[in-house]
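For the record, the sequence lines run as chains A and P.
So for the first sequence, the numbering used here puts the first residue at 83; every next one is plus one.
So for the second sequence, the numbering used here puts the first residue at 498; every next one is plus one.
In case anyone wonders, no lab produced these hints; they're calculated from the structure.
All figures in this text were calculated on a predicted structure; none of them were measured in a lab.
Just so you know, even glycine gets a beta-carbon here, dropped at the ideal spot from N, CA and C.
Any given hint could turn out to be false.
To be verified - Dumping the calculated DSS-like pairs for lysine-lysine here, alpha-carbon to alpha-carbon at most 30 angstroms:
| id | chain 1 | residue 1 | chain 2 | residue 2 |
| --- | --- | --- | --- | --- |
| 1 | P | 539 | A | 118 |
| 2 | P | 555 | P | 519 |
| 3 | P | 539 | A | 122 |
| 4 | A | 104 | P | 555 |
Unchecked claim - Heads up, incomplete: computed chain A residues facing chain P, CB under 8 angstroms, no partners named:
| id | residue |
| --- | --- |
| 5 | 83 |
| 6 | 87 |
| 7 | 123 |
| 8 | 124 |
| 9 | 127 |
| 10 | 128 |
| 11 | 133 |
| 12 | 135 |
| 13 | 172 |
| 14 | 186 |
| 15 | 192 |
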Amino acid sequence: ETGVTQTPRHLVMGMTNKKSLKCEQHLGHNAMYWYKQSAKKPLELMFVYNFKEQTENNSVPSRFSPECPNSSHLFLHLHTLQPEDSALYLCASSQGSPGEQYFGPGTRLTVT
Amino acid sequence: GENVEQHPSTLSVQEGDSAVIKCTYSDSASNYFPWYKQELGKGPQLIIDIRSNVGEKKDQRIAVTLNKTAKHFSLHITETQPEDSAVYFCAAGDRDDKIIFGKGTRLHILP
């Protein structure tokens with residue numbers, strides 16, 4: 083266990099659905115991240131939050147909407163997704179800049 | 498922005514032999530170079546990292562070397578074991594707390 087939990091672990095949703103991914107870190111870190119991992123592609127950084135403030139938005143489409151209510155929780159709200167959005171979505175946290183990132187197990191998302 | 502290239506994409510090594518994975522980066526401002534191991538069904542986990550003021554770092558069977566002039570760094574695993582089979586990612590980080598990952602190397606340890 084890395085101290086970073088993600089729910090759900092698997093999610094299948096239609097293109098018209100709205101769902102949310104949840105991440106929680108129990109490490110007292112001040113930064114949290116969302117990554118997208120697709121087959122044969124590098125890990126793609128989507129969003130970075132430092133002390134609950136969004137410091138990075140890597141040109142992510144607006145159908146992905148992050149929320150960081152406090153430094154321990156991070157959400158990714160999903161709506162009207164496309165089949166190409168199917169991937170493993172990983173959450174990570176870190177302390178320090180730059181520093182070791184601790185990853186959760188990921189949510190395997192399938193968009194039908 | 499930073500660009501990280503990683504080779505090879507797949508590597509098969511006989512158990513007990515050494516494995517070497519190489520990465521290059523483009524941004525001379527990068528000063529943090531971690532290596533992650535990802536096993537099936539899990540998120541990546543840090544196995545070793547190096548900062549730009551150090552040329553080499555070793556932790557038991559794992560070592561990393563860094564050449565800042567040439568902008569490349571490598572992971573060396575000696576005396577490989579079956580549990581070393583996984584996907585390995587290199588990454589380069591700058592002062593803005595953003596780490597760019599390579600595409601990964603799938604390492605197979607052959608019995």
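Hints, verified against the model:
With a CA separation close to 14 angstroms, the supplied pair residue 539(P) and residue 118(A) stays within the 30 angstroms bound. A hinted pair counts as satisfied when its Cα atoms are at most 30 angstroms apart, and residue 555(P) with residue 519(P) qualifies at roughly 16 angstroms. With a C-alpha separation of about 17 angstroms, the suggested pairing of residue 539(P) with residue 122(A) holds against the 30 angstroms cut-off. Between residue 104(A) and residue 555(P), the direct Cα distance comes to roughly 36 angstroms. Violation of the 30 angstroms bound is thereby established for this hinted pair.
With its C-beta approaching chain P no nearer than about 10 angstroms, residue 83(A) sits outside the 8 angstroms limit, and its interface hint is violated. Look at residue 87(A): its Cβ only gets to about 11 angstroms from chain P, farther than 8 angstroms, so that hint breaks. Annotation: interface hint on residue 123(A) holds; nearest CB of chain P at approximately 7 angstroms, less than 8 angstroms. A hinted interface residue such as residue 124(A) counts as satisfied when its beta carbon comes closer than 8 angstroms to some beta carbon of chain P; here the least separation is about 5 angstroms, so the hint holds.
Of the supplied interface hints, the one on residue 127(A) holds, with its beta-carbon coming within about 6 angstroms of a beta-carbon of chain P, less than 8 angstroms. Proximity of residue 128(A) to chain P is violated relative to the hint, the smallest CB-CB distance being about 11 angstroms (cut-off 8 angstroms). The beta carbon of residue 133(A) is not positioned within 8 angstroms of any beta carbon in chain P (closest approach about 11 angstroms), and the interface hint is therefore violated. Interface restraint check: residue 135(A) against chain P, minimum CB-CB distance 12 angstroms, threshold 8 angstroms, status violated.
Satisfaction of the interface hint for residue 172(A) is found here, the shortest Cβ-Cβ separation to chain P being roughly 5 angstroms, below the 8 angstroms cut-off. The criterion of a C-beta within 8 angstroms of any C-beta in chain P is met by residue 186(A), whose closest approach is roughly 5 angstroms, and the hint holds. At about 16 angstroms, the closest approach between the beta carbon of residue 192(A) and any beta carbon in chain P exceeds 8 angstroms, and the interface hint on this residue is violated.
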